[in-house]
Amino acid sequence: MRRLSLSRLQTCVIVTLAGVLCSEPAEAHLNSTGMGPIYDGLMHFLMTPEDLVPALALALLAGLRGAAYGRHASFTLPVAWLVGSLFGLTAAATTGSAVLSSLWFLLLGGLVIADAKLPLSAMTALAALFGLVHGYLNGTGMGQSGFAVVALLGLTSGVFVLIVLAAAFVVQLRAQWARIAVRVAGSWIAASGLLMLGWSFRGS
Amino acid sequence: MRMARRHRWAQGMALLVAIHWAQNAFAHVQQGGAAGFLTGFFHPISGLDHVLAMVAVGLWGAQLGAPAIWVLPVAFPLVMAMGGMLGLIGVPVPGIEYGIAASAILLGAAVLFEVRASIVVTALLVGVFAIFHGHAHGTELPPGQSALLYSMGFVIATGCLHALGIGIGAVHRWTWGQNLLRAAGAVVAVGGVFFMWKALA
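For the record, the sequence lines run as chains A and B.
Using numbering that gives the first Met the number 0, read the first sequence as starting at 0 and increasing by one per residue.
Using numbering that gives the first Met the number 0, read the second sequence as starting at 0 and increasing by one per residue.
With the rest of the complex left out, here is chain A (with noise of 0.2 Å):
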């Protein structure tokens, strides 16, 4: 008996360290697997603040004002993101210019404050306009090859499921505390524009 479960106890260290020793490199990092270039689409938008948020606040800013908002938001601004990102391939190479990102954060940021109750057409052109800008802006920093257009894709997919989830998030909420928070969240975003705006032309 006492055999037996030594073995059985072997058995299990010889099988714990062949899969240890026999595992694969976890390949977690984008530069060693590539990811493919919708994903480093995806990324891109995820970890660039100076998107992020202000399509954050924008998703906000559509939840407030309802569901035909959101629905509204959802659709136009990954539309117009990904045309503004396909002028910005055809486009000399261009930086991004800080100011105007501060500028979105303050505009998008002081509308959630506000609770502005936009009509839903300004609504549809405030997030195309955004998307066109910032897809722009994204297009022209990709480069010209078959996979700017891929990553792109990716890009836009991120836009669309930020917006969706944000914007569905805060359609959903009905206590008054909690629509206040979302409003104490546009203004952390437009207090952070403000900041940004002071770093650039304390940088110009």
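FYI, nobody ran anything at the bench for these hints, they're computed from the structure.
All values derive from a computational prediction rather than experimental measurement.
For each residue, glycine too, the CB sits at the ideal point set by N, CA and C.
Warning: the hint list may mix true and false statements.
[Said to hold, decoys possible] Not close to chain B: a few residues of chain A, all C-beta gaps over 10 Å, as computed: (1) G35; (2) T89; (3) F168; (4) A174; (5) G197.
[Stated by the list, open to error] Label-pair restraints from in silico Cβ distances: (6) A9/B with R178/A: 56 to 62 Å; (7) I118/B with S120/A: 32 to 38 Å; (8) A121/A with I88/B: 41 to 47 Å.
[What the hints assert, rightly or not] If you want the ones that stay clear, here's a sample from chain B, every Cβ over 12 Å from chain A, calculated: (9) S45; (10) F112; (11) V119; (12) M151; (13) G158; (14) I167; (15) V186; (16) V189; (17) G190; (18) F193; (19) A200.
Knowing the structure of chain A, use the given hints to seat chain B on it.
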């Protein structure tokens, strides 16, 4: 024989524990983005003068109730960022250290005496103090770090301190809680007196 088996068992277990206890390698140098956010986030938390005033804003808001409870946390970061912007573009604000110490004294006193001013006066008072805090702390970005992430970390940490004050202020519904809040206001005011004394010394 039994000893040998135990020995092997112990060896096997030690090996397994060693394998599974392995820590992350941390082979990557922390880049500007993460460092900028963390520096900004920890900056207001690391200064007691800032912490006292921010928490006092939350406590006072909780005592006053709506609409102050949400107007103050919305107004403060914005005006504080304006103060930071003034500092960044080189507009001097005189007596910053005195202003910061005075903010702790007056906000602490407001909590201590449960001062009930109109929302406009309350927001103006808090806003004026926010300029001092923003001017002093918002401009201290270490070189090589992301200004945007530093700013976001700074603003979010300040907001969290307000939220902490509001959370503590939730005890205001009970009599013992009201007394506790007043005591907390007294502590903030005493802290402010200490910082004023340091500034004057």
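Verification of the hints:
No Cβ of chain B comes within 10 Å of the Cβ of G35/A; the nearest lies about 22 Å off, and the non-interface call holds. At the 10 Å boundary, the C-beta of T89/A stays outside the reach of chain B, the nearest C-beta of that chain being 28 Å off. The beta carbon of F168/A sits about 18 Å from the closest Cβ of chain B, which is more than 10 Å, so the claim that it is off the interface holds. No beta-carbon of chain B is positioned within 10 Å of the beta-carbon of A174/A; the least distance is around 13 Å.
The beta carbon of G197/A is not kept farther than 10 Å from every beta carbon of chain B, the shortest such distance being approximately 3 Å. Separated by about 60 Å at the C-beta atoms, A9/B and R178/A satisfy the suggested range of 56 to 62 Å. Between I118/B and S120/A the beta carbons are some 34 Å apart, a value that agrees with the proposed interval 32 to 38 Å. For A121/A paired with I88/B, a C-beta distance near 32 Å fails the hint of 41 to 47 Å.
Remark: the non-interface label on S45/B is consistent with the geometry, its nearest Cβ contact in chain A lying 18 Å away (cut-off 12 Å). The Cβ of F112/B lies farther than 12 Å from every Cβ of chain A, with a closest approach of about 26 Å, so its non-interface assignment holds. Remark: the non-interface label on V119/B is consistent with the geometry, its nearest Cβ contact in chain A lying 17 Å away (cut-off 12 Å). For M151/B, the shortest C-beta to C-beta distance to chain A comes to about 5 Å, within the 12 Å cut-off, and the non-interface label is violated.
With a closest Cβ-Cβ approach of about 6 Å to chain A, G158/B is found to fall inside the 12 Å limit, against its non-interface label. I167/B, annotated as away from the interface, keeps every beta carbon of chain A farther than 12 Å; the closest lies near 16 Å. With a least CB separation of 26 Å from chain A, V186/B remains clear of the 12 Å interface cut-off, as annotated. Residue placement check: V189/B keeps its beta carbon more than 12 Å from all beta carbons of chain A (closest about 29 Å).
Non-interface call for G190/B relative to chain A: holds, since the shortest CB-CB distance, roughly 25 Å, exceeds 12 Å. The claim that F193/B is not at the interface with chain A holds, since no C-beta of that chain comes within 12 Å of its own (minimum 28 Å). No beta-carbon of chain A comes within 12 Å of the beta-carbon of A200/B; the shortest separation is about 31 Å.
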